[in-house]
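Residue numbers (our numbering), protein chains in the order written: chain A, -11 to 305; chain B, 17 to 265.
A hint or two may mislead.
Calculated Cβ distances over 12 Å to all of chain B for the following chain A residues [as the list claims (entries may be wrong)]: (1) Lys44; (2) Ala58; (3) Gly83; (4) Ala91; (5) Gln98; (6) Gly148; (7) Lys165; (8) Glu178; (9) Thr202; (10) Glu203; (11) Asp240; (12) Ala284.
Part of the chain B face toward chain A, derived, beta carbon under 7 Å [claimed, not checked]: (13) Asn185; (14) Gly224; (15) Ser228.
Hint data in this document are derived by calculation from the structure and do not stem from the laboratory. Beta carbons: idealized from backbone N, C-alpha and C, even for Gly.
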Amino acid sequence: MAVLLIAEHNNKELRPFTLNAATAASQIDSDVHAVIIGQNSADAAKQLSELPVVKKVLSVEGAHYENFTAENFAPVIVKLAENYSHIVCSANTFGKNLMPRIAAHLDISQVSDIIKVISPDTFLRPIYAGNAFATIKSNDAKKCVTIRPTSFDPCESTGGSAPIEKVDASEEFSNTKFIKREEIKSDRPELGTARIVVSGGRGMQSGDNFKLITEIADKLGAAIGASRAAVDAGYISNDHQVGQTGKVVVPDLYIAVGISGAIQHLAGMKESKVIVAINKDGEAPIFSVADYGLEADLFEALPQFMEELNKLNTIQK
Amino acid sequence: MKILVAVKRVIDYNVQIRVKEDGTGVVTDNVKMSTNPPDDNAIEEAVKIKEAGKATEVVAVTVGEEKAQETVRKALAVGADRGIHVKVDGILEPLAVSKILQKIVDKEKPDLVFMGKQAIDDDCNQTGQMLSALLNWPQATFASKIDVKDNKLEVTREIDEGLETIEINVPAIVTCDLRLNEPRYASLPNIMKAKKKPIEEIAASDLGVDVSPRLEQLKVEEPPKRKAGIKVANVAELVQKLKNEAKVI
């Protein structure tokens, strides 16, 4: 039986992690079908059909799907599930919200946030904020699996031409009503997929001081991250949080500024290729994962960092 | 309105996790245990709603071994009215826990069920969503703000793109984010008072729920360690290393 991938999108286009989830799905079985549930989402469905790993697209449209409410999405997938061995989606807030609702309806014990497909029934996943890795074998007849997007490369996005099949909508769940979404629009790269991330912690001392980080991020074409302490203190909005209960990032370069490095923060960034820590406390745990540590007052170091960057002839983007 | 709050006993968030040498799990003997942090936020929110006169009773429930009862006792010390301890040994999967909680909901008939959005031990992030599926109730996950309005809740949810606000009809499930509130500490008099509050003990086996595991944990291992890095003397050296050695800028 084939694998069913749940596409994440914004009704206009696919969200980038759908491509990472598609890669994971294709490692479970080469026969991958993808379902897209939305409202006026034909363009995103077409994009999905062009992923070479996807063999068939199922498109479900309805006004009650416009805002991705799990209570409306789950019954659609539950109905489709009988034809599939696995149901797969990203372990971001979209998939975390949705997949357990599907799994419980199907009486399946979900495997969350996998970082590796060992075999179609066995997966590797981090536990305890990534301080241990567990190898988990599912003995359920069907599997519900969410994948950690940053642990799988995005699949090719063009060249495929899967057929798109319409599927009937399910009834609306009337006890949940969408009110609004406040998305923070930014010209910077997305935190989850950025090549470089510059993050600030409690050491930044104020939201205003984050402009020191913004400047450097703009110069490097980087996304901006933050520790939970910085978000809790109101220096920056929640969508920037990196860590166990925030986002997991795996950039080529992660620059942690004024972040002590609690294990909950390390959980979200320690797989980064190169880690830089700038902190005035030489004993801060962040230095234990840093490739390059600079023990310095960030209010002196960041302006100097900017100066040094300005001296460079070229900067990779 | 009656609020049921589910709490879980986990290894304290400050403890450095050690993997057992035989690969069967992590070391829990002589390790400090605490209430799962976002479950503390769930209790705090329920107690605040009661203090605001919008709830009549807060019931704390835990599912687990003998010592799990400590988490219920702690909830009672910060304002929950009574407790329920569903006794069961061994590790339960979130599906099993949600089936047990479903039975408790059938019995207690709460209007709201609160719990943390994720347990910091297995990091599954499933139980609340599974329980709402089993009950066919609305779910508000990752809540950072809750407004109680008659028989509705307006909930602000933390999502990857920012914030989302939804309105859900009661009865409903809410899973709580750490930013929902600042959990209070229990005062000594309240800890003493909590000792007199009732905790009902129920054997999981009496609930008629199949809690047998569906997943096999084949191995638990240490994650690969990062190679030790170096300290640089100044910013100029740092930028030079990033440019010429790591070649990332």
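Quick check: which numbered hints come out false for this structure? Going through the list in order, the structure violates hints 2, 3, 4, 5, 7, 8, 11, 12, 14 and 15 and respects the others.
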